[in-house]
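Student: On the provided structure of chain C, position chains R, D, B, W and V as indicated by the hints.
Here the protein sequences line up with chains C, R, D, B, W and V, keeping their order.
Start counting the first sequence at 8; every next residue gets the next number (the numbering used here).
Start counting the second sequence at 8; every next residue gets the next number (the numbering used here).
Start counting the third sequence at 8; every next residue gets the next number (the numbering used here).
Start counting the fourth sequence at 8; every next residue gets the next number (the numbering used here).
Start counting the fifth sequence at 8; every next residue gets the next number (the numbering used here).
Start counting the sixth sequence at 8; every next residue gets the next number (the numbering used here).
Some hints could be false.
A pair holds if it fits inside one copy or across any two, identical chains being indistinguishable in the list.
No farther apart than 20 Å at their CA atoms in a straight line, the calculated lysine to any residue pairs in the SDA-like style are these [stated by the list, open to error]:
hint	residue 1	residue 2
1	67	96
2	67	51
3	67	105
4	67	103
5	67	29
6	67	127
7	67	14
8	67	15
9	67	28
10	67	52
11	67	31
12	67	24
13	67	48
14	67	85
15	67	77
16	67	33
Hints in this document: simulated from the structure, not taken from any laboratory.
Computed from a predicted model, the values in this text were never measured in an experiment.
6 protein chains.
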Amino acid sequence: MFSVTVRDHIMIAHSFRGEVFGPAQRLHGATFVVDATFRRPELDADGIVVDIGLATEQLKAVLGELNYRNLDDEPAFAGTNTTTEVLCRTIADRLAEAVHGGRLGDGARGLAGIAVTLHESHVAWASYERAL
Amino acid sequence: MFSVTVRDHIMIAHSFRGEVFGPAQRLHGATFVVDATFRRPELDADGIVVDIGLATEQLKAVLGELNYRNLDDEPAFAGTNTTTEVLCRTIADRLAEAVHGGRLGDGARGLAGIAVTLHESHVAWASYERAL
Amino acid sequence: MFSVTVRDHIMIAHSFRGEVFGPAQRLHGATFVVDATFRRPELDADGIVVDIGLATEQLKAVLGELNYRNLDDEPAFAGTNTTTEVLCRTIADRLAEAVHGGRLGDGARGLAGIAVTLHESHVAWASYERAL
Amino acid sequence: MFSVTVRDHIMIAHSFRGEVFGPAQRLHGATFVVDATFRRPELDADGIVVDIGLATEQLKAVLGELNYRNLDDEPAFAGTNTTTEVLCRTIADRLAEAVHGGRLGDGARGLAGIAVTLHESHVAWASYERAL
Amino acid sequence: MFSVTVRDHIMIAHSFRGEVFGPAQRLHGATFVVDATFRRPELDADGIVVDIGLATEQLKAVLGELNYRNLDDEPAFAGTNTTTEVLCRTIADRLAEAVHGGRLGDGARGLAGIAVTLHESHVAWASYERAL
Amino acid sequence: MFSVTVRDHIMIAHSFRGEVFGPAQRLHGATFVVDATFRRPELDADGIVVDIGLATEQLKAVLGELNYRNLDDEPAFAGTNTTTEVLCRTIADRLAEAVHGGRLGDGARGLAGIAVTLHESHVAWASYERAL
Numbered sequence: 008m009f010s011v012t013v014r015d016h017i018m019i020a021h022s023f024r025g026e027v028f029g030p031a032q033r034l035h036g037a038t039f040v041v042d043a044t045f046r047r048p049e050l051d052a053d054g055i056v057v058d059i060g061l062a063t064e065q066l067k068a069v070l071g072e073l074n075y076r077n078l079d080d081e082p083a084f085a086g087t088n089t090t091t092e093v094l095c096r097t098i099a100d101r102l103a104e105a106v107h108g109g110r111l112g113d114g115a116r117g118l119a120g121i122a123v124t125l126h127e128s129h130v131a132w133a134s135y136e137r138a139l
Numbered sequence: 008m009f010s011v012t013v014r015d016h017i018m019i020a021h022s023f024r025g026e027v028f029g030p031a032q033r034l035h036g037a038t039f040v041v042d043a044t045f046r047r048p049e050l051d052a053d054g055i056v057v058d059i060g061l062a063t064e065q066l067k068a069v070l071g072e073l074n075y076r077n078l079d080d081e082p083a084f085a086g087t088n089t090t091t092e093v094l095c096r097t098i099a100d101r102l103a104e105a106v107h108g109g110r111l112g113d114g115a116r117g118l119a120g121i122a123v124t125l126h127e128s129h130v131a132w133a134s135y136e137r138a139l
Numbered sequence: 008m009f010s011v012t013v014r015d016h017i018m019i020a021h022s023f024r025g026e027v028f029g030p031a032q033r034l035h036g037a038t039f040v041v042d043a044t045f046r047r048p049e050l051d052a053d054g055i056v057v058d059i060g061l062a063t064e065q066l067k068a069v070l071g072e073l074n075y076r077n078l079d080d081e082p083a084f085a086g087t088n089t090t091t092e093v094l095c096r097t098i099a100d101r102l103a104e105a106v107h108g109g110r111l112g113d114g115a116r117g118l119a120g121i122a123v124t125l126h127e128s129h130v131a132w133a134s135y136e137r138a139l
Numbered sequence: 008m009f010s011v012t013v014r015d016h017i018m019i020a021h022s023f024r025g026e027v028f029g030p031a032q033r034l035h036g037a038t039f040v041v042d043a044t045f046r047r048p049e050l051d052a053d054g055i056v057v058d059i060g061l062a063t064e065q066l067k068a069v070l071g072e073l074n075y076r077n078l079d080d081e082p083a084f085a086g087t088n089t090t091t092e093v094l095c096r097t098i099a100d101r102l103a104e105a106v107h108g109g110r111l112g113d114g115a116r117g118l119a120g121i122a123v124t125l126h127e128s129h130v131a132w133a134s135y136e137r138a139l
Numbered sequence: 008m009f010s011v012t013v014r015d016h017i018m019i020a021h022s023f024r025g026e027v028f029g030p031a032q033r034l035h036g037a038t039f040v041v042d043a044t045f046r047r048p049e050l051d052a053d054g055i056v057v058d059i060g061l062a063t064e065q066l067k068a069v070l071g072e073l074n075y076r077n078l079d080d081e082p083a084f085a086g087t088n089t090t091t092e093v094l095c096r097t098i099a100d101r102l103a104e105a106v107h108g109g110r111l112g113d114g115a116r117g118l119a120g121i122a123v124t125l126h127e128s129h130v131a132w133a134s135y136e137r138a139l
Numbered sequence: 008m009f010s011v012t013v014r015d016h017i018m019i020a021h022s023f024r025g026e027v028f029g030p031a032q033r034l035h036g037a038t039f040v041v042d043a044t045f046r047r048p049e050l051d052a053d054g055i056v057v058d059i060g061l062a063t064e065q066l067k068a069v070l071g072e073l074n075y076r077n078l079d080d081e082p083a084f085a086g087t088n089t090t091t092e093v094l095c096r097t098i099a100d101r102l103a104e105a106v107h108g109g110r111l112g113d114g115a116r117g118l119a120g121i122a123v124t125l126h127e128s129h130v131a132w133a134s135y136e137r138a139l
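The following block holds chain C by itself, in its conformation from the complex (with noise of 0.2 Å):
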């Protein structure tokens, strides 16, 4: 199995609902720094498992509708926690139908699987992976 990450970071705010969230409760806020791999059990013709210029556009492009903004008002996230494994959900799913829209190219259609990666700290992340 091959695979292909690019790396890319958000800064956002959010609350969470949630005793277990303790202090997070209140209005806070992180950057992510966000890893988006790429699968595939073969290789391209051109001896790849995706187009990385065009793997960093849509990351860029699927991040910037989250960037610099307070997720808590997003109606995308309404009466959802946007705990980073939630946050690793959407993004990996976004990158999904990228792939599927031919965003990624046509080679991407070759991909089997997704994973998305969100580093909150130096001692903190949380991963998605999910098949394409």
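Tutor: What follows is chains R, D, B, W and V alone, placed relative to chain C:
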């Protein structure tokens, strides 16, 4: 599949028995930067894999039994080489006991697996993963 | 010259006033990984720059006044852009007060300077250094 | 499942054929920080995955055939784009040969798989994993 | 003293003349992860060292003249070994020109110095710092 | 001012005397990732700060006298706490001797200073810098 990872560290002394260990047969030591990963297929009702506060606390508790010690003197490791690999398994197994004992909260009963990575330097690390 | 550095982090929300900040004028947030460096020309009688336990504890105390907060609502920053640079200075000044107040121990009175670095992502960070 | 990873690096020149590579069609170069991971379900009698000294030595030997070279001139890659993905597979396959040839020791015959990751920058990396 | 650092990278090919360089006399390449640090004693009216957007943009512009190239063919380096140290100075000098030319904004005229670090691997890096 | 840094590591056991060290008064150990920085105002005729091959070799030689040892048993440290700070100075001083003894080459006689940083974990490190 979702995962959450928390990081901590320990500083221990030990020595190894066996020619394969070369100069590490002498009493020496290591800082192990420890990553504990918790995995589950679906998030709980709060949108999380595990209460990150409890995960951090329980990892610290497990590491507290090893930290600032000469592992050659620990009864738990009598007759065992405390290699990085063995320590990964020990820590993962003790975290699994903590999960089963309810010390990571009721939600943690939905966890599917645990992985532990010990970084012994900037150029070497080891991991162990197990089901729950 | 000797130095010792300890690392911790905060997660805050804030917004900026001024066109130079572009989209960061919206309410957003950041994880700041914080490095506090203590400097002195000679070691104390124990062979250390500062009691690393106290340094870690006092950094956590200073950061505790900022962590999990919306800095736009903090009276201490009224009328001030809480840029990464400004936060570096704030944290360094509060650590300096802790040194002068004896909260880093008597030995810490031999410290010559403090530097604070805030990493706001994997591609940007800021620092402030001052004498004691 | 257990694993052990060792890290080294190479510095090479190369160019790519294919429009998908954009400016990387020009002769350029890269530092690849290389992580080689060895996996097995059970530890050997010494409590290890593999002799880390031999693993480091054999990784260096495999990388020595690529290091400080223009890969466009290497017969082994004639007609092949030496993408990060392709290099991951080449290095993994050569390490697999080293295992089968006994150069990682007799214990290494219990290895189940190898994974190789090449970091080409702070924002991009690729991996390949295979069974043994 | 305040500073702000932004990070980017280049991938280049080159070779060295001189026995001291050993195998690096052959045509090879490197990824240089580049950190550009801007320093000043006091913050500007917005509470910043430099407009981080412009700093990122100008660093990218300076690096764009080197990226994806064989430096052995670049007239600017004719007769010069493009060592990591020399590249640090080149990039710092070109950023200094950008500051003097107003391309980092009017506020940047208050900058006191620039430092550039090039990381050539996980185990080696070089820096150059200069006044403005 | 130019600088070049090379990185290596050691794994040692030791204990401390003094209440300030708390649980570290017990025999424990550490991995120290060691960065040795060489500084000079002007480059030599080859365009370098120091022969990086010799720098790497000499750092390894200096570290070889400490690596895989219990520092409590080393005569060189009798009556001295081998704190991270003290080890920084010891390594820097021994590298300075290597420079003066010509073991970093004739060009190294133009070096102005040396700095040594020891990272003892992901959240703590110490440095010592001296003139040559």
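Student: For every hint, state whether the structure bears it out.
Tutor: Results of checking the hints against the structure:
Taking the shortest Cα distances, residue 67 and residue 96 sit within 20 Å of each other inside one copy (16 Å), while across copies they are farther apart (28 Å). For a Cα distance limit of 20 Å, the shortest separation of residue 67 from residue 51 qualifies neither inside one copy, at 23 Å, nor across copies, at 29 Å. Only within a single protomer do residue 67 and residue 105 lie at most 20 Å apart by alpha-carbon distance; the minimum there is 12 Å, versus 27 Å between protomers. For the homomeric pair residue 67 and residue 103, the shortest alpha-carbon distance inside one copy (14 Å) is at most 20 Å, but the shortest distance between copies (30 Å) is not.
Taking the shortest alpha-carbon separations for residue 67 and residue 29, only the inter-copy value of 17 Å comes in at or below 20 Å, while the best intra-copy value is 31 Å. For the homomeric pair residue 67 and residue 127, the shortest alpha-carbon distances inside one copy (18 Å) and between copies (18 Å) are both at most 20 Å. Proximity of residue 67 to residue 14 under the C-alpha cut-off of 20 Å is found in both arrangements, the shortest distances being 9 Å within a copy and 17 Å between copies. Taking the shortest alpha-carbon separations for residue 67 and residue 15, both the intra-copy value of 7 Å and the inter-copy value of 16 Å come in at or below 20 Å.
Within a single copy, residue 67 and residue 28 get their C-alpha atoms only as close as 29 Å, which misses the 20 Å cut-off; across copies the closest is 19 Å, which meets it. In this homomeric assembly, residue 67 and residue 52 never come within 20 Å of each other (Cα to Cα): the closest approach is 26 Å inside a single copy and 30 Å across copies. For the homomeric pair residue 67 and residue 31, the shortest alpha-carbon distance between copies (16 Å) is at most 20 Å, but the shortest distance inside one copy (27 Å) is not. Proximity of residue 67 to residue 24 under the C-alpha cut-off of 20 Å is found in neither arrangement, the shortest distances being 28 Å within a copy and 25 Å between copies.
Taking identical chains as interchangeable, the C-alpha atoms of residue 67 and residue 48 are never at most 20 Å apart, the minima being 25 Å within one chain and 27 Å between chains. With identical chains, the CA atoms of residue 67 and residue 85 are never at most 20 Å apart, being 23 Å at best within one copy and 33 Å at best between copies. When the C-alpha separation of residue 67 and residue 77 is checked against a cutoff of 20 Å, the pair qualifies only within one copy, where the shortest distance is 18 Å, while the shortest distance between copies is 26 Å. In this assembly of identical chains, the alpha carbons of residue 67 and residue 33 lie at most 20 Å apart only when taken from different copies (18 Å versus 28 Å within one copy).
Checked against the numbered hints given earlier, this structure breaks hints 2, 10, 12, 13 and 14; the rest are met.
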